[in-house]
Each structure stands twice: as structure tokens, then as C-alpha cells.
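Protein chains in written order, with my numbering: chain A, 1 to 293; chain B, 1001 to 1293; chain C, 2001 to 2259; chain D, 3001 to 3259; chain E, 4001 to 4322.
These aren't lab readings, by the way, just hints derived from the structure by calculation.
Bear in mind the structure is a predicted one, so any value in this text is a computation, not a measurement.
Any given hint might turn out to be false.
[As the list claims (entries may be wrong)] In silico lysine to aspartate or glutamate, EDC-like type, Cα no more than 16 Å apart, as pairs:
{"id": "1", "chain 1": "C", "residue 1": "K2009", "chain 2": "D", "residue 2": "D3163"}
{"id": "2", "chain 1": "E", "residue 1": "K4138", "chain 2": "E", "residue 2": "D4180"}
{"id": "3", "chain 1": "B", "residue 1": "K1126", "chain 2": "D", "residue 2": "D3163"}
{"id": "4", "chain 1": "E", "residue 1": "K4075", "chain 2": "C", "residue 2": "D2034"}
{"id": "5", "chain 1": "C", "residue 1": "K2087", "chain 2": "D", "residue 2": "E3005"}
{"id": "6", "chain 1": "D", "residue 1": "K3009", "chain 2": "C", "residue 2": "D2091"}
{"id": "7", "chain 1": "D", "residue 1": "K3087", "chain 2": "C", "residue 2": "E2005"}
{"id": "8", "chain 1": "A", "residue 1": "K126", "chain 2": "C", "residue 2": "D2034"}
{"id": "9", "chain 1": "E", "residue 1": "K4155", "chain 2": "D", "residue 2": "E3024"}
[To be verified] Output of the computed footprint for chain B on chain A, the stretches with three or more beta carbons under 8 Å from beta carbons of chain B:
{"id": "10", "segment": "121 to 135"}
{"id": "11", "segment": "229 to 241"}
Using N, Cα and C, we set each Cβ at its ideal position, and we do this for glycine too.
Residues per chain are reported as follows:
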Amino acid sequence: MHFVMMHAPLTAIEAETAARSRAAAIAVELSAAAVTFGQGERAVAALQATELRIPDGEFVALVGPSGCGKSTILKLAAGLVRPSAGVVVVGGREVAAKALRIGMAFQNPTMLPWLTIEQNVMLPLKIVEPYRSQFRRQRKASFRDKAHALLAQVGLTGFATRYPWQLSGGMLQRANLCRALIHEPRLLLLDEPFGALDQFTREELWSILQDLWLVHRPTVLLVTHDLREAGFLANRICVMSARPGRIIDDSAVAFARPRTIAMTFEPDFVALNQRLRDLITDARRAAPAPSEA
Amino acid sequence: MHFVMMHAPLTAIEAETAARSRAAAIAVELSAAAVTFGQGERAVAALQATELRIPDGEFVALVGPSGCGKSTILKLAAGLVRPSAGVVVVGGREVAAKALRIGMAFQNPTMLPWLTIEQNVMLPLKIVEPYRSQFRRQRKASFRDKAHALLAQVGLTGFATRYPWQLSGGMLQRANLCRALIHEPRLLLLDEPFGALDQFTREELWSILQDLWLVHRPTVLLVTHDLREAGFLANRICVMSARPGRIIDDSAVAFARPRTIAMTFEPDFVALNQRLRDLITDARRAAPAPSEA
Amino acid sequence: MPRPEIRQKLASAGLIVLFFVGWEVFCVVSGMSDLILPRPSQVFVTLVQRLPVLWPHIVQTLVTTMIGFILGVALGILLGALIGVSKTAYDTVYPLLIGFSSIPKVAVVPIFVLWFGSGTVPAVLTALAICFFPIVVNIATGLATTEPELEDVLKALGASKFDILWNVGLPRTMPFFFASLKVAITYAFVGTVLAETVASNRGIGNVMMSASSNFNVPLLFAGLFILAALGVALYVAFSLIEARVTGWATRRNDLAAAA
Amino acid sequence: MPRPEIRQKLASAGLIVLFFVGWEVFCVVSGMSDLILPRPSQVFVTLVQRLPVLWPHIVQTLVTTMIGFILGVALGILLGALIGVSKTAYDTVYPLLIGFSSIPKVAVVPIFVLWFGSGTVPAVLTALAICFFPIVVNIATGLATTEPELEDVLKALGASKFDILWNVGLPRTMPFFFASLKVAITYAFVGTVLAETVASNRGIGNVMMSASSNFNVPLLFAGLFILAALGVALYVAFSLIEARVTGWATRRNDLAAAA
Amino acid sequence: RADEVKIKFTLGWKTQGSDAAFFYAKDKGYFKDEGLDVVIDQGEGSGATVTRIMSGAYDAGFGDVNAIIQNASAKPDEAPVMVYMMWNRPPFAVVSKTASGIAGPKDLEGRTLGGAQGTPTTRLLTVFARTNGLDMEKIKLSNMAPNLQEPMLIKGDIDAALVFNITSYFNLVLNRQDPDKDFKWLTFGDYGLDLYSNGVMVSRKLLASNPKAVAGLVRAINKATIAIAKDQNAGMAAVVNFDNLVNEPVEKRRLQYSFDKLIISPEMKEIGIGDVKDDRMARAIGIVVEGYQLARAPKPEEIFSRQFLPPRTERDLVYVAN
Ligand SMILES: Nc1ncnc2c1ncn2[C@@H]1O[C@H](COP(=O)(O)OP(=O)(O)OP(=O)(O)O)[C@@H](O)[C@H]1O
Ligand SMILES: Nc1ncnc2c1ncn2[C@@H]1O[C@H](COP(=O)(O)OP(=O)(O)OP(=O)(O)O)[C@@H](O)[C@H]1O
Ligand SMILES: [Mg+2]
Ligand SMILES: [Mg+2]
């Protein structure tokens, strides 16, 4: 199964070269970034001073207990939340979206309810340059083909002209993924993009995502609860402590690419999983009660 | 960890007895139930003629590929969707909620945004008898304690007076579960209640749910993508085909209760999982394109 | 299922007819003087008899109202968007508008007349002045209550404030925009008629003024009926557009699934 | 962070003052006759000088308006809920209300006067009649656009239609209810004043009518200013309640997180 | 007191100096002396007084006799009856700027006239035109609210306005004009339209059910009118007592104007205040019937009843400006 990328600005080889030349650059950098929501007594510390540096073109998975601040880190990177302390630099600038083309799949697939699935998926093309200017100039039909091809890949053929409320939870999540990918972003922020899917659909999408990454080498930050998923997809896995979160472990995943599902049953892989499990178990132990934080 | 059930109308032993005497009764019955959404060309067949009979007090897990109609079956049982063909009988009547006290955890944790978490969780007590009448008569404080105890069990101490948008995805899902449980329903409809949680939180909640079921023996219909979860919790696992869905396999799970996490790594358990995996793989193959359905 | 739908429509029409029958009966039974409240049958007879004479007035009022209304809608959207987006505008423009809106427009009509002469222009301005406020309020509220999650979808893409307004704020606000249109169009008619009674030689307002000074109450009520009918006609037109544009917001699957 | 907030408020107040200064300058520069548009300073002077005389009229108008407004709100919620919940009501009551709303209320005041005599009662009724419609529309629209998912939460529990209305429909509609209150209160003032100009010996409407027939334009404008001020005062009161009740809907985290 | 007869009385317009008699009668207890409890409300126009009484909302009021004629034509059993004629001379007039050179009716041709719809002056314009041989085709009529007539006249949007002289005169004063020097007044009464105008009217119901009360009402008003003819300051005190927002100097002048220009006439001096001459009334009815194209000409006794008037000796009015 191959990822369909029409009108891709670069061939696969060109992309590889480009990726290598950018390799030294830092795509996302959090320095002592902390986030506290609310004020005074009711404040919730979501993120402790967090250090995270993601070089351009890397695939990083973020795992950790529920409520530890994973989504908050993604929102920091997307510029949707400002750090209450520390600095967040994306693509060399503090304003994320102006610096890098960002694709984000939110944890809750918030589709705009007045748009069909296809229109929702095409939304980034309406907003982000260079597609934006083309969108106005009759390129709409070819963009629609692009959207349909993506939707077909995730198994949503025939649902393009439905409205979001006509889709099941898992189907929405797949459409959400399409919306994050359609404009070939350089920074991909994925918040549990496969959570509501059955194992098989999930594994299929892993492969699609891996292929995509191998060709275009975007920087990817993936939040997941599935350690197999993290191991299969990522170059690096960051483990977070319980809220207020902080990165307590950062390990490289060395398995060769392209990885296969079979690989995930190999002893090395299982050992990695086990190590992560233990780390998270420890992390959860230390969870303080929220209001007393 | 023990499930806190204050003001439970029955002791555990009484409940056991009651459960046995009701054993023969059918809690949920779908006879040739089919659901088609929409009309004419745009119709989507969500569910083929489906047969499902769940005796009172049973714990049934429902697994199947994304979009196959699992949530639709739950909505049929809750009386939120009417079958376009066939009959749905719940607690001996066609109008579900009037016959049985129902607790439902929706796939998307739709909390009412103007209520705090605690108020959201207490909502069923405001609506469902016998709590409803007590709610008006100063029992509010004890009800609040009950809500707090439940929230504490799922690790949400201190978030009771927050608003839904102040919680992370996983935290919302846990609150959602509390709302389904608080009024001690006789029929529990759970739609992927642990989907957004990390493995550890998830396993903890499995145990809580199992304990609860052992004591009160409600009828449970659980939709899940996690085969380990299905095997750990259910008496019976129903496997559905791809959309339009239909139950293609219905197997009993014989492991002794109470089950432990360790048990899920035993060969018998792994074999069951493997069998289910194979069934679903076959089921997915046959998925037709939606609009051509 | 066309059967129940038709029955539904018939029942509704029946109830409306019943309303007029009730009015008729009330007038007859209570011996109400037709100087105060004529019987609807009287009004209808007058209406039919005088229709040829009334026609140019109807056209005049309708055209004037539509112009004022369209301008009012444009102004309303503009100000509503401004207030919904900018805190400063919320704090300054809102109170000024509330103040202006609390003023009976009949007091400003003379100013319009003295500036622009009597006739269509003051009527258009009065219609505009009276009808834009509900639109402002609903657009502003719609924008202020737009879920940040929906906006975040665009913000993450680096969308400008205007992009967000255009792609999220305004579409989300549509149901309430249409709600305010219903209010605005009725008030626009009131505004036009008001101005016509103050200074104009044509229009329903003028007819009503002359009917009232002739003690011709059935004709006065015929004018009112025409206004009501125009209001309802435009309401129906908007409803059709509304159903297309805001269908997403009013989907109702209450227990209904059957094809 | 009280600093920027205060600066914000000051900027807003400054802009409002600027508006009046602009008006003053316009009048002076254009040599506008104060018989058409008086300078705000003239109006303020008149206002201060005549306040003792005006006071009972202000109280009269305020009380009348408040009674009419409260009744109008109650009626509006009732009808809005009816229309939002029942298809038949939607098809019958809505067109009738639209029709009624398109009618200038000045035409129905004489009917009220006949039935209830001149004075406070017709003014209350006129205020009511003119102000309830925006509430009906917004409540009905709010109910019609309530997400079925939210209702399903209660439906699964076997809640009655009324339970759903009370626990989901109405709370969800609150932001738009408050929006409509802003419109309604201003129209309630207009209604009261209208009735007072037609049939009453007291109230701001009466003052304005007498000022206008005496060409005492500064006094007329003083009346307008009083109305505007009353409207704004009530708006502020509602805003405070609104902020408490509908805070959930207007949460804004635009990039703001810092404690 | 419980045995007092309650009478709801509507004025012809907002509080004006020319209404002083009613307030004076109330303040001095003249009504009370007659066993009446009179409640005075401001009005909507001297024509509307008729409808207000016909609708049953009011028992009596100060309004235009020509409006009675108009309504009595179609509804003789409902129309109120005039029982006390106050304004012996009609206030209907055409006012124009002296500078515009309108010296007589003929000069109105080719001009734009501003009229408030429904006012007698506007409605009688056709009769005025016919009587004076004008071609209505050549006169352009523009409708506007009464309070716009003078500003539009001053601004030059219209060449002349169809007005009540008693209203318009003071509107011009309030608009800082000199109504005597800069404006030319063509009064209808001087050009063949010899109509009566405002007086006290009562409902048929009151007339039938309580003639004593009507007589008392008329007696009290008559007494007050004669009193303030001698002392306008006392009359103004009553006006201010009713409505403290009035412009006292202007209203006093208006009160005096009403005596000067509308009440005092040779005829009034002959027959006394309150009464009419039947032949003149019949002529006036003829003019109104023609002007409004009424289906039926009511008889004078349907319109005016002199049975409640005090004896002639009590109706001698002597006006002394002070
Ligand atoms: N807008 C907000 N206002 C207040 N608190 C918030 C807000 N958003 C998140 N939080 C709090 O911040 C903490 C971290 O939230 P976050 O969504 O980042 O968690 P997460 O790691 O993504 O969890 P999950 O795996 O459950 O999605 C939580 O305790 C949550 O309550
Ligand atoms: N309200 C609706 N209108 C139209 N189609 C609908 C509606 N709800 C569900 N469907 C369709 O019915 C089918 C089954 O949906 P359902 O939500 O039951 O799937 P599911 O098995 O729960 O899937 P998932 O695992 O992804 O949640 C889907 O194809 C969906 O598109
Ligand atoms: Mg999250
Ligand atoms: Mg589902």
C-alpha cells in the first residue's frame, strides 16, 4: 500500500537529500517550558519545566499517564498554548505556524460540523500557502482528488460528502488524520491519532504513516498510549511523569526501517516495551492529587 | 481496591441471590434488528439484521472493525435509535429506559459544558428514580460524597469542581465512566470506555469494573477494540462483521472470576485472543465501499 | 413519508385559520366597536376591494424596507463581527449601540427628514436604524461563544484572524444570524412604516395614517394585515435559505432512523 | 493582571467620550441648528437643570418598562420553548408572531387604551408586545440547534421531554437568551415611550412628546439621553448576570495560559 | 367621594395654554361643586378626541366639531355631541413666508404645500381650492408630521404649510421666527370656509344616562372660561399645576391668542360663548360634507346640543389681556 502524494513538490530522492541537509536544524525546542492553567487557588500545573529538543525530520513518540501534559506539549508546539514559563521555539521562531507548515491531529477529532468530511479534510489547503493561492485559482478539482485519495487510503471511500455526525468515532479519527496530512506539513503533531481504531486498521495506518515519513521526512511528534505503536513508528520515545508532567526518559529506538508488524513480536522489541512499561509504572506512582498540587 | 457503593440498596449476598433468580430473564434482545441511517441514495446501512440475546446479569463484549455498527447496537439498546427493521426489547419492553435503569458511557464523553465534572457525574441522580425524589429532599450532600468517592476511584480527586474543558481527554473519559455508574444501573452500556487511557490506568479500571460487576451483577454490554480487555472482563464476546454489521461469532469466555491481569498472559488467554484476531481479520476483508452498499 | 408531513402542514394551517375565526367570534360576541378592532372579515373585504389602489403603496414599502434591511444586515454583520472579535469594540461600541437602540426611532426620523427631504431616503434610514441591532447582538454573541477547539483547528494552521472569522466564527454563527434576520425584517417594516407616517406621500405607512385620520379602521387594519403578510412572506423566504445553510445545526435524529 | 484590564476600560471610556466630543465638534463646525440636532453639552445642561422635574417621569418609565420587560421575558421563554419543542407550534405560532411583530405597535396602543384606560397598563402591554419577540426567536433557535448528542445523555436515562428541556435545552440556550435580553430591554423602552406618547400624562415619552411639540429640542434630546442611559444601565446589570451564567460558553483561552 | 360622577376627559393635544379653562375648573373645585370627578388626560389630536369618545375610552373631551360631522354621517348613534362651542372661529390657515410672495389663495398654484395628513386644514384644502377657484392639479401636496411643517417651511422644502394658526404661530415663535412680520397667514374663515371648530363634546352614553352631569360639566367649564378671560395668569397657574414641563410664557401667549383669534368674534358677542348659530352650523355641515364627500349630511341637532348651556346671561365673556 503506497501513500498517494499528488503534486508533491519534491520527489522521494530530493526529499531525502533535503532532509539530510536540514538534519542539524532543530524543529521544535522547549526550554524550561512550564504551563499552568488558571490562576490562584484553582491553578492546575499541567507541565513542569520541560526540556525537549527535536531535530528536523525526527519521529518522536510521547508516552505517559493520562493527564500528564502530553496534549499540552503538542499545543505548545502548535502555538495554541503559551508557556507560563520558559521558551518554546518552533522552526527557529516563537510563533509556530508562521515558521513551519504544521499538520495537527487533535485528540478529539474536532471536525467543523457545517462542512462535509471532504471539505473538512481540504480545510488546510484553503488556509496554508502555497495551496491557498492555488485554491482560489481553479485547482479545487485536483485538490478534491487529493482529498479523496487520502480518504480512500484510510478506508473512507464514499464518505467524502457526508457530514461529521454521520461517521462513527473511528471513522472521524481517520478523517482527522487525513486533515493533518493533506497539506504535506513539515511538522506533524499527532495526538493519539489511532486511539479509537481496532488493532488492524491501526496497524495498517502505522504502515501508511511510516511510508509517508520515509518519503517526506517531516518532523513528527506522536502522542500515544500504545507502546507497540511508539516502538513501531518512532526514532525516539519520550516518557513523561504524572501531572505536572516532565520528561523522565528519552530513549532512541534503533530498529531498522522500514519496520514490519512482525518485528513488534521480536524479543528486542518486547524488551523495549517492558522497559517503558516499568518506567511508566514508576511515574504513575508519584502522581499527586490535583488541587493539592 | 474496592468499589465504594454507598446507599447500595442490596448487600453483596442479597444481590447475588437476586441475580440468580433473574438469571433466566432476558435483559436485551435484538431480533432481526437492522438500522439504516438516511434515506434513498444517501442511505447508509449501519446494521444488518442482527440477532442478540443477553440474559440478565451477563457481561458481553462487542468487538469488530471501525464503523461496523457497535455504537449503533448500544444506541438501540438505550433506545436512542429505533431499528428500521426488526425488534429491540429491553427489560421486556420496547421502550428501554422505562423498563430498566440504564447507565451509558458514550464513545465521545459528551459532558454538559455548563456543569462541573461533579454536577455532570451527578446528573443521573437528578433524573432517575428513586434518586430523583431524594435529590430534591436534601440528600444532595450524600450524593455529592458518592460522586466524589467515584471520582477518587478513577483518579480524579480534586477535579470535581472543574469544568469539562479543563480536563484532558483521558480524564474526561474517566468522568464519563463515573456518570455511567453512579446510579447503579441494571443495564450498563459502555462504548470504548477506556480508549483514551494508558495501559495502567486502563487495567486498574478493569479491576474496578470487574469487582463492581461481581457484587451487583448488572447486565453489561461493552464495546472495545482491545481483545485483552474483552477477554479479561466479559462472559461472552461477540465479533461483528464490517459494515453493515452483523454478529459473526459469539463465544463464551470461561476463565474463572475474579480474573487477574497476570491471567491475560496465560496461553489459553493468548489463544482466545488469537482466535478473535483471526475472526476480525476475515471480517474486515469483506468490507464493501459505503455508498455502493 | 409525505403523508404525516402534509397532515402536519394542514393542522398548522387549520390552527392559523382558527385564530382568525376566534378573532371574528370575539368581535361579534363582545360587540366590539369596529372603530377599535374590526372583524377580520371586514378587513379582508376592504383588502380585496382596495388592493388595486394599495398596490403601488405595497411595492413602495416593500422596496424601501428591503433596501433598509439589506443595508442593516450588512451593517449588523460588520459591527457584530467587530464586537465579537475586539474587546475594545465590545466595551465601547456595545454601550453606544444599546443606548441608540433604546431610543424610539420616531424621534430621529425628523432629523433624517430635515437632512434628506421627505420620501424614500429617511424611510430607508429608519428601517436600517431600527433593524441592525438584533443582528449585531446575535453575531457578536455567536462569535464570542464559538468553541475555542474549533478555532484551534485553524489557529494551528497559522490562519489569520480574518480566516478564523470567515471559516469558523461566521459559519458557526449562522443559525443565530438567521434567527436575528427574523427579528430584523419585522422591525425593518416597522421602521419604514414609521418614517412613512412621519413624512412621505406613498407607502403603507402613509395609507395607514390617512386611514386613521379618516376613521377608516378597516383600511387601517388592512394596512396592518399587508405588513404582517409581507413580514411572513419574507420570513418564509429566509426559512428556505436557512434550511439549506444551517441544516447542519438543526439535524434531529430523535429516535428516527428508518429509511 | 489588573493593569491591562484597567487600561482597557480607560481606553473604552475614552472612546465613548470621544464620540460625544465628535458630535459636539460636528454641531459647532457644521453650524447645525440646535432645533434639529442640539450639541451634547446643551443636552447635558438641560438634563442637569431639569432633573428634579424629570425625576418622577424617569421613575414612571423605568418601572413601567421593567414590568413589561419581565412579563415579556416570561412570555418569550414560554413561547420560545413551545416553538423550539413542538413542530406544530413552529408552523403555526411562528408565522403569527412574525406577522404580529411586523406591525407597528403604535397601531395597537389605542386598543390597549380602550380596554385598560390610559396610563401605565397600556404602556406595560406595549413594552411587553414589542420586546418578547427577540426572546422567542433566540430561545426557539437555541433549542432547535441543541446538539442531539447532549440530549442523548439524558434520553438514555429515560428523561422526560421537560427534563431534557430544563437540563439541556435551556442551559445551552442561555448565551443567546442573554443576547436577546439586550435587544429586548432596548425595545421595551421604546414600547413604553411609544405608549406614553400616545396615552399617558407621565413618563419620559410624555415629556418628549411635549418637548417636541414645543420645539424644545434640547429637552427632547435630554429624554433620549435618559432612555439611552437607562438602557445601558440595565445592559450592564444583565452583563454581570450573564458573565456568571454563561461563562462556560465564552471561555477564551486564546494563547493565554500564564498564571 | 363615592357619589361623585367620574368623567374621563381627553384634551385635544398635549398640555397647552389654551386648555387652561379645564385645569382651572378642576383646580378651583368647579367640577367638584357639580358633583363631578373629572380626570383629564392629554390627547392625540382634536380629531382623535372624537374616536376616543366613540370607542368608549373617554366620556368627554375637547375636540373638533368637524370630526363629529364626519363620523355622525356614517354612525349617527355613536358619534359624540358638541355641547359647548369654544372656538367660534376656525384656526385652519395656510402659512407661508412673506418673502415667497403668496398674497392670496391664487398664489398657491404651482407651489408645494406641506400638510399633516388627516388634519382638517389639509383635508379641507380641496374645498378651499374650489371655493377660491384654484386648480388642485397645480398644487403639490406633501405629507409630513405636524412638527415637521414649520422646520420644512423655514428650510424652504415647502412653500406653504396647512396648519392650525394657534399651533403654528407658536411653533414659529419657538423656532425663533417672527410669525407676524415674516409670515403671511391665509385663514380659511376669511376665504369662504366659515366653519366652527373646537369645543367640548360628550359621549351619547353620558348624554343619555346622566344629563345632569353634562349640564354640570358645561356649567363648570363655562365659569372657568369666563374667569380666565379676565385673569390669564390664574389660568396659567392651573396649567403649570397640571404639567410643570410647559413653557409658561409661550403658553400664556397661546392662551391669549385663543381668545384673541378664535373665541372672540362678533357672533360670540351676540349669542354668548358656547352657543352656535344654527344656520351657520348648517352651512358648515354642508362644507364638511362636500369636503369629505360624505354619504349623508347630518342635521345640526345631531351635532350640537344647546340644552345644557347655562342661561345666556351667564355666558357673557369679557376678555381682558393681562
Ligand atoms: N484549558 C485547560 N484549562 C485548565 N486545565 C487544563 C486545560 N487543558 C488541560 N488542563 C489540565 O492540564 C493537565 C494536562 O492536560 P493534557 O491534556 O495535556 O493531558 P494529556 O497528557 O494529554 O492527558 P490524556 O492522555 O488524558 O489526554 C490536565 O490535568 C488538565 O486538567
Ligand atoms: N447519525 C448517523 N447518520 C448517518 N450515519 C450514521 C449515523 N451514525 C452512524 N452512522 C453510520 O453507521 C455506521 C456504524 O456506525 P457506528 O457508530 O455504530 O460504528 P462503530 O462500530 O461504533 O464504529 P467505531 O468503532 O469507529 O466507533 C457507520 O458507517 C456510520 O457512518
Ligand atoms: Mg491528551
Ligand atoms: Mg463507535
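Verification of the supplied hints:
1. K2009/C with D3163/D: Status violated; Cα separation ~28 Å.
2. K4138/E with D4180/E: At roughly 28 Å apart (the allowed maximum being 16 Å), D4180/E and K4138/E break the hint.
3. K1126/B with D3163/D: 9 Å, holds
4. K4075/E with D2034/C: 11 Å, holds
5. K2087/C with E3005/D: Distance of about 10 Å is within 16 Å: holds.
6. K3009/D with D2091/C: Holds, at about 7 Å.
7. K3087/D with E2005/C: Holds, at about 10 Å.
8. K126/A with D2034/C: 63 Å, violated
9. K4155/E with E3024/D: 22 Å, violated
10. 121 to 135: violated (count 0)
11. 229 to 241: Coverage by chain B is violated here, the residue count being 0 at a Cβ distance below 8 Å.
In this structure, the hints that do not hold are numbers 1, 2, 8, 9, 10 and 11, in rising order.
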